[in-house]
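Visitor: Just so you know, the sequences run in chain order A and B. Its first residue numbered 1, the first sequence is counted upward by one per residue in this note's numbering. Its first residue numbered 305, the second sequence is counted upward by one per residue in this note's numbering.
Treat each hint with caution, since some may be false.
[To be verified] When the alpha-carbon atoms are kept at most 20 Å apart in a straight line, the in silico EDC-like pairs for lysine to aspartate or glutamate are as follows:
#1 B/K391 - B/D350
#2 B/K562 - A/E33
#3 B/K373 - B/E315
#4 B/K338 - A/D34
Hints are computed from structural coordinates only; laboratory data are not their basis.
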Amino acid sequence: MQNCDLHVTIGKLALKNPVMVSSGTFGFGEEFEDFIDLNQLGAVISKGISLKPMVGNPPPRIFETEGGLINSIGLQNPGFQEFLKSKLPYYQHLKTRLIINFFGNTQKEYIELARRFDGIPGISGLEMNISCPNVKRGGIVFGADPQMAFHLVRSVRKATTLTLIVKLSPNVTDIALMARSAVEGGADAVSLVNTFRAMAINIHSKKPELGNIMGGLSGPAIKPIALRMVWEVHQAVKVPIIGVGGIMKAEDAIEFILAGASAIQMGTANLINPRAGIEVIQGIRKYLVRNKIDRIQKLIGAFG
Amino acid sequence: MPFQTDGTVIENRRVKSLYYILGMDCPPIANHIKPGQFIMLKVSEDSSPLLRRPFSLYKSYPDSHPEKKKRGCLFIYYKEVGKGTQKMTTLRKGQKVNLIGPLGKGFTFPPLPSSANIILIGGGVGIVSLYPIAEALRGAKLFVFIGGTTQDDILCLEDFKKFNSTISVATENGSLGFQGTVVDLFISQRRMFTKNRKSYLYGCGPVGMLKALAKVAKFRNFICQASFETRMGCGFGACWGCVIKTNHPQTPYQRVCKEGPVFPLKDIHWE
Numbered sequence: 001m002q003n004c005d006l007h008v009t010i011g012k013l014a015l016k017n018p019v020m021v022s023s024g025t026f027g028f029g030e031e032f033e034d035f036i037d038l039n040q041l042g043a044v045i046s047k048g049i050s051l052k053p054m055v056g057n058p059p060p061r062i063f064e065t066e067g068g069l070i071n072s073i074g075l076q077n078p079g080f081q082e083f084l085k086s087k088l089p090y091y092q093h094l095k096t097r098l099i100i101n102f103f104g105n106t107q108k109e110y111i112e113l114a115r116r117f118d119g120i121p122g123i124s125g126l127e128m129n130i131s132c133p134n135v136k137r138g139g140i141v142f143g144a145d146p147q148m149a150f151h152l153v154r155s156v157r158k159a160t161t162l163t164l165i166v167k168l169s170p171n172v173t174d175i176a177l178m179a180r181s182a183v184e185g186g187a188d189a190v191s192l193v194n195t196f197r198a199m200a201i202n203i204h205s206k207k208p209e210l211g212n213i214m215g216g217l218s219g220p221a222i223k224p225i226a227l228r229m230v231w232e233v234h235q236a237v238k239v240p241i242i243g244v245g246g247i248m249k250a251e252d253a254i255e256f257i258l259a260g261a262s263a264i265q266m267g268t269a270n271l272i273n274p275r276a277g278i279e280v281i282q283g284i285r286k287y288l289v290r291n292k293i294d295r296i297q298k299l300i301g302a303f304g
Numbered sequence: 305m306p307f308q309t310d311g312t313v314i315e316n317r318r319v320k321s322l323y324y325i326l327g328m329d330c331p332p333i334a335n336h337i338k339p340g341q342f343i344m345l346k347v348s349e350d351s352s353p354l355l356r357r358p359f360s361l362y363k364s365y366p367d368s369h370p371e372k373k374k375r376g377c378l379f380i381y382y383k384e385v386g387k388g389t390q391k392m393t394t395l396r397k398g399q400k401v402n403l404i405g406p407l408g409k410g411f412t413f414p415p416l417p418s419s420a421n422i423i424l425i426g427g428g429v430g431i432v433s434l435y436p437i438a439e440a441l442r443g444a445k446l447f448v449f450i451g452g453t454t455q456d457d458i459l460c461l462e463d464f465k466k467f468n469s470t471i472s473v474a475t476e477n478g479s480l481g482f483q484g485t486v487v488d489l490f491i492s493q494r495r496m497f498t499k500n501r502k503s504y505l506y507g508c509g510p511v512g513m514l515k516a517l518a519k520v521a522k523f524r525n526f527i528c529q530a531s532f533e534t535r536m537g538c539g540f541g542a543c544w545g546c547v548i549k550t551n552h553p554q555t556p557y558q559r560v561c562k563e564g565p566v567f568p569l570k571d572i573h574w575e
């Protein structure tokens, strides 16, 4: 019974299992090779890449809260050119799917990046970040306005043949509406959620705990809200959903799948336990065996 | 190369006031860890606290160590300050703790330690990170400056006495040794270190202390490395949460966990 089927499909991508590692929590992959066999993962997602290098936000960049982590890394990354030169070759040796997370400050930059990544060997798909809460320009504007999101996704869709995933922000009134806009624009899938805008104040110094004042909350604290949003989006769109938000263990992942996610991403958990993704794959397999379910696909949205 | 592995607690004792020593049996890490490197410790099995906590190496005994009983053991020093370290005080002998290490880049040493002034300057629990230097440079003449707020914060005094060392102590309230900061104390004695012998300075302590130290080192032309402590997310380079600002032209924010925790002080960009 070890051979229960964990395959899932996201757009044109067949994944060997539904467990991915989310952008920004998995470096450029190589940071994890001392701890795990990356090839066992369903997919790896790169740190967010922009056209030009970004130096990131001033420290302190992280602060731990009850069951959560607020971060304001500020999308620090070496930019497209340097990424291709120094980071992509490592990924290209992997025998799993590579999805590039990318973002721009303008619509033009999004389109340019999508065009440039198209056709590069080893890249299986793109995850468009329209939702990062840290950078004042760009991100938040696209991710919070359904009309802008629709136009942005539609223009990026025309620029690439790769599977296009749109990562949604939870910092909106109606996430199902945002998901519909992304799908109407041509998204093959949506991933949700990104972090919740948050902050913390040091009462002794009366100063913010983060250099950027505000950051994004992740970790187990956000899981119930993320789960609810996945379920809402599942009722609103037909494309595959990738569930993200505070998944620490297999039971969490299964909850998201039951709520309608075809795949999941581990984020904060990777930082605490680099083996978290692998352990979740094993845990999902055990659950299927125990419940005599031969294919994970039967579990997707099987809630209620 | 770091490992993720379990260690078994062999000792967890209070040294004084809020300071504790935690000893663990963990051969994979004990065999490879170098002075200035650190480990990430999972304090509890639940998510309170959520993240691991970083601790720099105090003592380690590889399998080649003459004392059989100590082989494979690793010791860290910690101060009970928050939720994580409070939970650590409850760890009992025989309990397992999950560790990641060795992590980060450690200290580098002069080619001929015996012909140089080796100066160690530590503030508070920072002095602990410098202790492995004394072990590594056994035989070399050491000048050790230990500072703290009060005499309760003066650590490792007995440890350094075992070496060929001159030890000076500073407390801010004057309860032990020189009254003032450890950097003030060092400045008052700086003329001991003449320019005809190269001086290698190793520092660890609060950011304010290291900033003051950077000024002296620059002025006196000392070669100075310091170990930094920042909030860490993962400890192994994945999250970019622990950065400090350096003079690096393309990537000013460097990871304390990966490019550090030891940096040449001249590379740090002070605000």
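Visitor: Determine for every hint whether it applies to the structure shown.
Guide: Hints versus structure:
| no. | hint | result |
| --- | --- | --- |
| 1 | B/K391 - B/D350 | holds (12 Å) |
| 2 | B/K562 - A/E33 | holds (15 Å) |
| 3 | B/K373 - B/E315 | holds (13 Å) |
| 4 | B/K338 - A/D34 | holds (18 Å) |
The structure agrees with every numbered hint stated previously.
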